[in-house]
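Asks: Could you put the whole structure together from the sequences, leaning on the hints where they help?
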Amino acid sequence: MPTPTRRGALLGGLTAGAAVLASACAPTAPDSSVGIEARPARLRTPPTTVPVTVAPTTGGPGSLLPAWPAAWASPSVWHVAKRLTFGPTPRVVSQITAVGTTAWIDGQLNYMSISDPAVGAATSFYEWSRGSAQEIATKGQEWRVVVDLPLSTALSAVVSERQLFERTVGFWWDHLNVDVNNRAAQNHCPSYDADVIRSNAFGKFSDLLMASAKSGAMLNYLDQESSRADGQRVPNENYARELMELHTVGVNGGYSEADVVAVSYLFSGWTLSNKWTGTFAFDSGRHALGPFTSSATTVLGWSRGSLTGVAAGESFIRHLARHSVTAQRLAHKLCVRFIGEHVGLNDAVVRAARDVYVANDTQIVPTLRSILTSAEFANSADKKIRRPLELLTAGLRATCDAPFNSSTAENTKWNFYAILTALSAMPHHWPTPDGYPDKDAAWVSVGSMISRWNLATLLGAGNIPGFNRDWSMLPNWTSGLTVGDWLEGAAQRVGVALDPAVKARMLSSVGRVDSTPITAAGNRWVAPKLLGQLMQQPQFQTV
Amino acid sequence: MNESSMNESSMIQTQLTRRRFLRNSGLAVAATGSASLLHTHAASAQDGTPGVSAVSAGTGNTLLVITCRGGMDGLSLLAPVSFPEYYALRPSIAVPQQAALGLGGARSDSRFAFHPAATRLCGMYNQGSVAVVNSAGVSNGSRSHFDAQSFLEGGIVDSNVSPTGWAGRWMSSTLAASDHPLRCLAIGSGLPASLRGSSAVAASGFDSLSLLPWGPSVETVAASTADLYNRIGVHSALTPWAAPTLGTIAEVSSLGTPERPESFPNTEISKNLWPIARLLQAGFPIEVAHAEMHDWDTHDAMGAATNTSARMYSQVSELDTAIGAFFDYLGSAGARVTVVVVSEFGRRAYENSSGGCDHGRAFPMMVIGGGVRGGVYGDFQGLSDAALDQGDVRVTTDYRTVLSELLSQRLGASSSVLNATFPRFSPTSSWLGLVSV
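If you read the protein sequences in the order shown, they are chains A and B. If you read the first sequence in this note's numbering, its first letter stands for residue 1, the second for the next number, and so on. If you read the second sequence in this note's numbering, its first letter stands for residue 1, the second for the next number, and so on.
Just so you know, the hints here were simulated from the structure itself, not pulled from any lab data. One thing to keep in mind: the hints can contain errors.
Said to hold, decoys possible - With beta-carbon atoms standing in for the labels, derived distance ranges: (1) 91(B) / 279(A): 30 to 36 Å; (2) 232(A) / 60(B): 53 to 59 Å; (3) 92(B) / 254(A): 31 to 37 Å; (4) 143(A) / 97(B): 37 to 43 Å; (5) 232(A) / 257(B): 56 to 62 Å; (6) 233(A) / 307(B): 21 to 27 Å; (7) 100(A) / 282(B): 55 to 61 Å; (8) 214(B) / 71(A): 49 to 55 Å.
As the list claims (entries may be wrong) - Just a few of them, taken from the derived set where beta-carbon distance is under 8 Å, the chain A residues facing chain B: (9) 251; (10) 382; (11) 429; (12) 432.
Using N, Cα and C, we set each Cβ at its ideal position, and we do this for glycine too.
Replies: Written as structure tokens, this is what we have:
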């Protein structure tokens, strides 16, 4: 876990909108959800007779939600568009409809073939989001990494054509989390994003894990950089513990407290050529094998044999990446992220993905493909809660055209930062090494419901600085339609099916009825209000 | 959905059926366009729900839990200055005897002394309103943050997958006492695991307790949106929240937009304690409150105890200042509020090569304020190799013993409520005597 963080100190330019947005969208504190063991145990409390809701499928069997209109894109297309992107746009929905879901997924997995000019153009405003630690240090004002890197990530989520890649990058950041607020890790975070996470997100997990172990960000974040075992010194256990507990086999993965101590010796001397600006270095003068001095010492089925020094630690990392318990736990975590937390550790979809992972030497793309083309995935529509960042990106992608107005970049940057801060939706700001929780209940409470409803109001009003409302892409006010027709069109745009009673109440709240003709300019002010109300509804809150 | 999460969901639903003023009158009336019944006082008058100025049907007392996340180094906060091993184990970070704040007053104790930054806590100790239970902790020996926090907040130490928290179970087992929406309140980053399984309010501050003033009114949200949340087919994690959310908005709106006073500085813990202090001062019947503070995971660079810019010093100082400001603000109303400070574990007795301490076991559990009988409690067995548990201070008092006593003595929890709150746990035969009723 990190050294002290001082959040909020940077919050200079709060906009009126952001200031009143709540910051309670934050998920609950770290908990048992980090591991494969996270499947809830049975409650000991006697069941009550109160009816419980059934599995949520929009308009599905048993559902009392409004039926999905037949004229809209098919539910399976809409499901893929919601779950595998940061929010459906009309263009994505028509792309998936045209080629079919599997072909679209395969195209997204082959991400290097997708041209993505918008990302470079948009993120070029965030100078401190790229560069080596040395380059960041030379540039100065290193604290700007805390702002620029998360904004670059959030903006990429909005504008990128490589949506599934961006989703997967988010998964790996959570899995191998580093808090960008950590002073020592800060300079190294841009290269962690580019050279560790993004370079390996669709590669091999064993390479990803090795790259993270040798990254300045992780070495500083988990205190490995200063750990030494020479003389009578006691090595720091932090990285050794989280490597096994969080990054690979999980807390019940088959190691003991004594094993944590032993592994901390294995990595003693793993450090940086310079804490603030350097790259990985192995300092044999700080290294001692400790319990591994005996070549018979075994942890999780690994012993060092004749290996010593840095090679021993590297061998252990590769062993952990390929370990069968790691395979199953990673497969399960990916299923929870892309299907839902109802998937159990031993479900068929997890076992299938685990086998693909093992058969392909920890390759991520085939593992992911096995999950995303499964029946379990296809049947999981709306079974996840949208995180606050996803609510924001989905709202922007649904209602804005050129989603980033670079002419006001500096001003926009601070406004965007303030909104993400207020929502606790800032990428790379989770303080503990377990990453943002993948547990639906962690994202919902009274405070976060209020924040979610307020965000919908802001999005409806088109009041997110730098993001231009695309009125032309919404139904036309002057075409002789009724207000009711307009509302149906807006509902289709954001994917919220309406039933007549709710539609009537929404229209009543703005003093209109279904048949009110769109004739006067005075009708136009009701559009933002109705759009906001649509995005407050449960179907927009789930994915 | 699996069976356990359905049960969790139905438990919350059960609680919500009690919110008749929202579900049957508030929402229905709002839907027909009349807003008045969403107002606190009207709701109170209608079915006897305690309103802003009312005292809850319970004891009227509040238990405020402060969770120090990351593993608080108790050997810095309350230094065992009379134990020579302490200085041998911690050559660069021990609290020097001459700088430590001695425990005076009626329960003076020369074995231990407060960190130099804990001036307010020491002052309150000397006045008899701080009890420290040494060597307290989670009796399961996990040194994993995530396991230990799960045990601590789950209130169950034989499983790290409890879907409900101890405070959540306390709340659901005492529903008859009060169904006020602000009965259980957590300020911080979301709903803490200790309050899972309840409809406790979790917010980051006053901003997340109000709708945008220029957006749809609470009546409009109730009519056009919130109703949908109760429908079959909606995600089970969303369903329970619309009604308590509307109730909370209505209640808190009576306070306007409170501004944090300067006495609560711009730190995480002060910002989290301020809304609780304001709402308590306004008379809201909060029974269990929770505030959190991060960054206690001091694996490195804790710094000398006398270095006012060092990491450990500022951690202790921020906590100390916030607790002082909290009781200052409440004044005489503070007599009804008992604070308990917990962490998932303490830290190792000896320092590591990075100038910090790795994960340990026991920590000194502090009980502060209303009803407290000050003094040092608990069985601290010393810092010799034999006394330590794999290098850590041994846990000799299960933290649930302390929480049970506070729930019983301050909130009037019966033995059946305690059994529901901490299943498969029996407190020591008699209370430690930390608090009076």
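Asks: Does each hint hold? Answer for all of them.
Replies: Hints versus structure:
| no. | hint | in the structure |
| --- | --- | --- |
| 1 | 91(B) / 279(A): 30 to 36 Å | 32 Å, holds |
| 2 | 232(A) / 60(B): 53 to 59 Å | 56 Å, holds |
| 3 | 92(B) / 254(A): 31 to 37 Å | 36 Å, holds |
| 4 | 143(A) / 97(B): 37 to 43 Å | 39 Å, holds |
| 5 | 232(A) / 257(B): 56 to 62 Å | 58 Å, holds |
| 6 | 233(A) / 307(B): 21 to 27 Å | 22 Å, holds |
| 7 | 100(A) / 282(B): 55 to 61 Å | 59 Å, holds |
| 8 | 214(B) / 71(A): 49 to 55 Å | 34 Å, violated |
| 9 | 251 | 5 Å, holds |
| 10 | 382 | 6 Å, holds |
| 11 | 429 | 10 Å, violated |
| 12 | 432 | 7 Å, holds |
Violation of the numbered hints given earlier is confined to hints 8 and 11; the remaining hints are satisfied by the structure.
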